[in-house]
Amino acid sequence: GDSVTQTEGQVALSEEDFLTIHCNYSASGYPALFWYVQYPGEGPQFLFRASRDKEKGSSRGFEATYDKGTTSFHLRKASVQESDSAVYYCALGDWGTNTGKLTFGDGTVLTVKP
Amino acid sequence: EAAVTQSPRNKVAVTGGKVTLSCNQTNNHNNMYWYRQDTGHGLRLIHYSYGAGSTEKGDIPDGYKASRPSQENFSLILELATPSQTSVYFCASGELGLEQYFGPGTRLTVL
Chain A
1 GDSVTQTEGQ
11 VALSEEDFLT
21 IHCNYSASGY
31 PALFWYVQYP
41 GEGPQFLFRA
51 SRDKEKGSSR
61 GFEATYDKGT
71 TSFHLRKASV
81 QESDSAVYYC
91 ALGDWGTNTG
101 KLTFGDGTVL
111 TVKP
Chain B
1 EAAVTQSPRN
11 KVAVTGGKVT
21 LSCNQTNNHN
31 NMYWYRQDTG
41 HGLRLIHYSY
51 GAGSTEKGDI
61 PDGYKASRPS
71 QENFSLILEL
81 ATPSQTSVYF
91 CASGELGLEQ
101 YFGPGTRLTV
111 L
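Chains as they are written, first to last, in the numbering used here: chain A, 1 to 114; chain B, 1 to 111.
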């Protein structure tokens, strides 16, 4: 079945550091890829998506590029702020099955120190 | 603005009791989903629905039922709650091929 692997379980940075969270996927079809962010006590919020190879998604200074060759969709931000502290989830949607369901990675806890 | 609400926000239940978690969406989306979130497992799909009257099994449906009486409402039912079902439950709505919008979650504790 489909799966998403986030390499980092936890990331600790200082403000203005560069962020990379690695996401690799395995899917039988040609999935859409998503990043979600979850703040304490809230549900996951859609950050952005990419639907085809080499497409870049971006929002709020975060970005990721769909790479079909390496089956990756790594999240990056040039300069993190304390307010970016949250849990980040990579997800894939395999629309070929027509279920509309998303398969999520285990999440990465980002802590940014002032 | 798109909105998904869940009730209750917190629930304590006894083992063997019946629990119903409710979800309402004002997005007019056809698809609705129930996930559970546990440390180390991310979000896992329990049941989903394509529209009023339909329910489908997700990846971990055992011990759960779902009901979609209308476009706006989608319930998750635990007929005989067990401690292993202690978790945070999220409802979401969306359209096929697009992002999903999540509710604020229900924290369920089964004693």
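In case anyone wonders, no lab produced these hints; they're calculated from the structure.
Using N, Cα and C, we set each Cβ at its ideal position, and we do this for glycine too.
Some clues are possibly wrong.
What the hints assert, rightly or not - Beyond 10 angstroms from chain B on every Cβ pair, some chain A residues (computed):
(1) Asn24
(2) Ala27
(3) Arg49
(4) Glu63
Claimed, not checked - Cβ-Cβ distance ranges computed for the label pairs, FRET-style:
(5) B:Asp59 to A:His22: 40 to 48 angstroms
(6) B:Ile60 to A:Lys54: 39 to 47 angstroms
(7) B:Glu56 to A:Ser51: 40 to 48 angstroms
(8) A:Ser85 to B:Thr5: 36 to 44 angstroms
(9) B:Asn30 to A:Gly29: 43 to 51 angstroms
We went through each hint and held it up to the structure:
At roughly 14 angstroms, the least C-beta separation between Asn24 of chain A and chain B is larger than 10 angstroms, which holds for a residue marked as non-interface. Residue-level check passed: Ala27 of chain A sits 14 angstroms from the nearest beta carbon of chain B, beyond 10 angstroms. Taking the minimum C-beta to C-beta distance to chain B, about 6 angstroms, the non-interface status of Arg49 of chain A is violated against the 10 angstroms cut. Listed as outside the interface, Glu63 of chain A is consistent with that label: its C-beta sits roughly 16 angstroms from the nearest C-beta of chain B, beyond the 10 angstroms cut-off.
The given range of 40 to 48 angstroms is broken by Asp59 of chain B and His22 of chain A, whose C-beta atoms sit roughly 23 angstroms from each other. Our hint of 39 to 47 angstroms for Ile60 of chain B and Lys54 of chain A is violated, since their Cβ atoms are close to 34 angstroms apart. Range check, Glu56 of chain B to Ser51 of chain A: Cβ separation about 23 angstroms, and the 40 to 48 angstroms hint is violated. Take Ser85 of chain A and Thr5 of chain B: their Cβ atoms lie about 26 angstroms apart, and the range 36 to 44 angstroms is violated.
A hinted range of 43 to 51 angstroms is violated for the C-beta pair Asn30 of chain B and Gly29 of chain A, which are about 21 angstroms apart.
The earlier numbered hints that this structure contradicts are 3, 5, 6, 7, 8 and 9.
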